[in-house]
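K.L.:
Listed below are the residues making up each chain.
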Amino acid sequence: MTGPRLEITVPHDEPVIMFRRAFNAPACLVFDAWTDPVHLRHWRGPRGFELVGCEVDLRVGGSYRFTHRAPDGTQHVFYGRYREIERPSRLVSTFAYEGAPDTEALDEVTFDEDGGITLVTGRSIFPTFQAREVFTAGGAAERGLAESHDRLDDLLATLQS
Amino acid sequence: MKAVTDELSKTFAALADPTRRAILERLRTGETTLGQLAEPFDMSLQAVALHLKVLERSGLVTRGRVAQTRPARLEAGQLGNAARWLLQYREFWEGSFERLDGYLEDLQKEEGGT
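Each protein sequence line maps, in turn, to chains A and B.
Here the numbering used here = 1-based position in the first sequence + 619.
Here the numbering used here = 1-based position in the second sequence + 292.
No lab work stands behind these hints: they were computed from the structure.
Keep in mind that the hints are not guaranteed to be accurate.
A partial selection of chain B residues facing chain A, derived with a Cβ cut-off under 10 Å [to be verified]: (1) Ser301; (2) Phe304; (3) Glu397; (4) Asp398.
Quick list of in silico lysine to aspartate or glutamate cross-link-like pairs, EDC-like style, CA-CA up to 16 Å [said to hold, decoys possible]: (5) B:Lys302 <-> A:Asp721; (6) B:Lys302 <-> B:Glu367; (7) B:Lys345 <-> B:Glu367; (8) B:Lys302 <-> A:Asp726; (9) B:Lys345 <-> B:Asp309; (10) B:Lys302 <-> B:Glu348.
Beta carbons: idealized from backbone N, C-alpha and C, even for Gly.
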């Protein structure tokens, strides 16, 4: 694996997923990359997916809608509304996967710059534990994945933090 | 889907405890008896048996029967569901973030170059 490590935390006592990841760029730039469709098209989405639709109305109460096209041609839509916008340090929005509206989460993303490096912390708060678990099942169809034992380390490391 | 997600909730709750994670690590090497499992821990056999019970109820561990012992065995399937779930989340962001790294670098080069 190359580049900085993506840390993921899955607390067992609240329906939340958190991630932390550092980027080698100032917070203003990372924030803009996160919110401007001109930038978003260049990076957002899993490997092999193309962001074919990207509508952003960046104001409190404004909505966004991202359409990802999978390598198999299927389309996956994520949408939500912005709740708080504090450039370049904080962004709060709702987040849902089309087809599973009951899983709507509240997404809080903070951008902390230190010496040109920006630490991005994301926190998704789901309405229920079930919603947290359904959420990723929607985003990606079952793929041929490595034997579960190989993934245990990752799983255990995640739960320890 | 509901049955699967309920199982996942139990799995994550079971995995939340450090002793239970250590037990699972130990079971990766193969079937193990309660006595062997309890050895490295500074706790009673009963306490380890309780942790094993939680793991059993979550579907992560099954117990066989060999003579007078009931060796515990890791159930990869249930762990696989939890691992797969996590991997899908990780893949979404890792793919994105690797591209974002490159993109941010390009943007800064452009700025620096003008």
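K.L.:
Each of the hints needs a verdict: does it hold here or not?
P.N.:
Evaluated hints:
no.	hint	in the structure
1	Ser301	5 Å, holds
2	Phe304	5 Å, holds
3	Glu397	7 Å, holds
4	Asp398	9 Å, holds
5	B:Lys302 <-> A:Asp721	21 Å, violated
6	B:Lys302 <-> B:Glu367	14 Å, holds
7	B:Lys345 <-> B:Glu367	14 Å, holds
8	B:Lys302 <-> A:Asp726	24 Å, violated
9	B:Lys345 <-> B:Asp309	13 Å, holds
10	B:Lys302 <-> B:Glu348	10 Å, holds
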